[in-house]
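Asker: Quick mapping for you: the protein sequence lines, in order, are chains P and Z. What the first sequence shows, in my numbering, is residues 1 to 249, in sequence order. What the second sequence shows, in my numbering, is residues 1001 to 1280, in sequence order.
Be careful, since some hints might not be right.
Simulated DEER-style distance windows between Cβ atoms [what the hints assert, rightly or not]: (1) 1013(Z) with 169(P): 32 to 42 Å; (2) 48(P) with 1160(Z): 35 to 45 Å; (3) 1106(Z) with 173(P): 41 to 51 Å; (4) 1225(Z) with 158(P): 27 to 37 Å; (5) 1112(Z) with 2(P): 32 to 42 Å; (6) 1066(Z) with 161(P): 36 to 46 Å; (7) 1018(Z) with 243(P): 22 to 32 Å; (8) 1065(Z) with 9(P): 31 to 41 Å; (9) 1106(Z) with 35(P): 47 to 57 Å; (10) 1015(Z) with 9(P): 36 to 46 Å; (11) 3(P) with 1112(Z): 43 to 53 Å; (12) 95(P) with 1030(Z): 46 to 56 Å.
Mimicking DSS-like on lysine-lysine, the simulated pairs with C-alpha atoms at most 27 Å apart in a straight line are [said to hold, decoys possible]: (13) 2(P) with 1070(Z); (14) 1136(Z) with 1107(Z); (15) 1107(Z) with 1123(Z); (16) 49(P) with 1136(Z); (17) 1123(Z) with 1099(Z); (18) 2(P) with 1055(Z); (19) 2(P) with 1124(Z); (20) 1099(Z) with 1055(Z); (21) 1055(Z) with 1070(Z); (22) 1123(Z) with 1136(Z); (23) 1099(Z) with 1124(Z); (24) 1124(Z) with 1136(Z).
Derived by calculation from the structure, the hints in this document are not laboratory data. Each residue gets a CB set at the ideal place from its N, CA and C atoms; glycine is no exception.
Chain residues, written in single-letter form:
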Amino acid sequence: MKLFLRELRTEQVLFWRNREAAFFTFFLPVIFFLIFGSIYGSDTIDGIKGSRFLEAGMIGYGVASTAFAGLAITMVIRRESGVLKRIRSTPLPPQTYIAAVLASTFLVFAIEALLIIGIGRVLFHVAVPDRPGSLIVALVIGAAAFAAIGLGITGFVHSAEGSSAVVNAVYLPMAIISGTFFNPQHYPGFLRVIADVLPLTYFTRLTRDVMIRNHHVWSETGSLAIVIAWGLVGLIGAIWGFRWQPRDA
Amino acid sequence: MSVAVAVHGLTKSYGEHQALRGIDFEIAAGEVFGLLGPNGAGKTTTVEILEGYRKRDAGTVTVLGEDPLKAGRAWREHVGVVLQSSSLYPNLTVRESLKTFAGYYAKPRDAEEVCTIVGLDEKKDARVRTLSGGQKRRLDLGLALIGDPQLIFLDEPTTGFDPGARRAAWDTIRNLRALGKTVLLTTHYLDEAEQLADRVAVLRDGVIVREGTPAELTGGSTETEIRYTRGGENIIERTTDPTRRLNELTADCLAKNETLDELEVRRPSLEDVYLELTSE
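With the sequences and hints as input, model every part of the structure.
Answerer: The structure is reproduced here in structure tokens:
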């Protein structure tokens, strides 16, 4: 436990000191919330105030950027730079290390979600969600699923240089197609077909149902099941593709 | 003396390519052992098998009394590893890096002390990304020492160093021997092996072609080279009996009242032996 806490602390130091990564994974969703909230926060989307609709979407975008993209890029860079290999040579148990990395990622996402909800409340007068319990459950499941997918994708990325290119090419279009920024109901048919298979579509639907429509998380079994199923696919990918050693060695 | 590392009949193939074709060697506790060979000879494969990173195809490997593939946490407490390329967190300082890794070990050395051993006292609070290549390599070594290991693997620790940095790294490695550590050093620099290693094994195409102390390796070659200029002609002779040959030469010159200009008698250096051994 002491090892875990110490490692979690190191992970936090590493995350916040890496300014570029912290900007892309942590601040970009916040900045987008501010920008899009200013543009159409007062409009009505799907019978709901724009900023409220967007707030739930930005939490979806936040999970994709922190738990998925940030984690995947970090782990590929650490693998290729030999840091993971070095850690494997120490007595630190690998499960403790992975647990600390995941906990640190979830902590960053939790801070991000709180910040988005806080900004929504203060700047856009969006009420604080009525079902915090359900929201927390939804966010934990989402973060776990996207972290699993993030670790799963590391097996497909072969170089540190390519990691942000590959990961961004996956997650930015996914965030847009899944409707985190806009209402996907008005998308052309082919985009909706793609959206129908993406995990972020269902996670965003889940956060909107819980945050906007005050649904109980357990009543959304369909969305929940698909997010969890994607998490399991990611987990299988991670078990198959996660490596401690650089790809070229 | 107890044996720190024992390797017998070790083989490893990557697909069609046979990287190791059955190698044997032992390293005594407290010894600095140099594994020498050109790129692609199988040095890193050997070290990675000993470190527990790679599976072997056949043979037995014992490192500090255990099979590295099955060894656990307790074993890792006693083994320090410097990988072939620098592997550090760029955004930690030198001191933070040492303290972070110290936290992984049951009985670590003091971070400040290790900082001094590897000569990074002045860079303690510098972020790793601001260090020069040589300084990063010294921090790599520091992280390998932080757990106070009995056995240290150094895979090409000075590749890419300028001469001054290499001398400094050599001093550090000599310190390790003074501390009683067992060191396995791979290098393709001959002078490095000659300077640091108690014993050297020369690896070529996955086979150990020669093993012994640097003196034995060079002494094992039976020919001595004699160079001189006589009557304006540069002559290089090789002989297995330099005492007799020199006597003949000098006697002949004295009798004819001639001189041997630029006379030079040299035993083959480790470099000559190495080039002889590693060229086809």
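Asker: Each hint: holds or not?
Answerer: Going down the list of hints, with the structure as the test:
{"no.": "1", "hint": "1013(Z) with 169(P): 32 to 42 Å", "verdict": "holds, 37 Å"}
{"no.": "2", "hint": "48(P) with 1160(Z): 35 to 45 Å", "verdict": "violated, 60 Å"}
{"no.": "3", "hint": "1106(Z) with 173(P): 41 to 51 Å", "verdict": "holds, 48 Å"}
{"no.": "4", "hint": "1225(Z) with 158(P): 27 to 37 Å", "verdict": "violated, 50 Å"}
{"no.": "5", "hint": "1112(Z) with 2(P): 32 to 42 Å", "verdict": "violated, 22 Å"}
{"no.": "6", "hint": "1066(Z) with 161(P): 36 to 46 Å", "verdict": "holds, 38 Å"}
{"no.": "7", "hint": "1018(Z) with 243(P): 22 to 32 Å", "verdict": "holds, 24 Å"}
{"no.": "8", "hint": "1065(Z) with 9(P): 31 to 41 Å", "verdict": "holds, 35 Å"}
{"no.": "9", "hint": "1106(Z) with 35(P): 47 to 57 Å", "verdict": "holds, 51 Å"}
{"no.": "10", "hint": "1015(Z) with 9(P): 36 to 46 Å", "verdict": "holds, 44 Å"}
{"no.": "11", "hint": "3(P) with 1112(Z): 43 to 53 Å", "verdict": "violated, 22 Å"}
{"no.": "12", "hint": "95(P) with 1030(Z): 46 to 56 Å", "verdict": "violated, 35 Å"}
{"no.": "13", "hint": "2(P) with 1070(Z)", "verdict": "holds, 26 Å"}
{"no.": "14", "hint": "1136(Z) with 1107(Z)", "verdict": "holds, 24 Å"}
{"no.": "15", "hint": "1107(Z) with 1123(Z)", "verdict": "holds, 24 Å"}
{"no.": "16", "hint": "49(P) with 1136(Z)", "verdict": "violated, 54 Å"}
{"no.": "17", "hint": "1123(Z) with 1099(Z)", "verdict": "holds, 14 Å"}
{"no.": "18", "hint": "2(P) with 1055(Z)", "verdict": "violated, 32 Å"}
{"no.": "19", "hint": "2(P) with 1124(Z)", "verdict": "holds, 25 Å"}
{"no.": "20", "hint": "1099(Z) with 1055(Z)", "verdict": "violated, 31 Å"}
{"no.": "21", "hint": "1055(Z) with 1070(Z)", "verdict": "holds, 11 Å"}
{"no.": "22", "hint": "1123(Z) with 1136(Z)", "verdict": "holds, 11 Å"}
{"no.": "23", "hint": "1099(Z) with 1124(Z)", "verdict": "holds, 11 Å"}
{"no.": "24", "hint": "1124(Z) with 1136(Z)", "verdict": "holds, 12 Å"}
Comparing the model with each earlier hint shows violations of hints 2, 4, 5, 11, 12, 16, 18 and 20; every other hint is respected.
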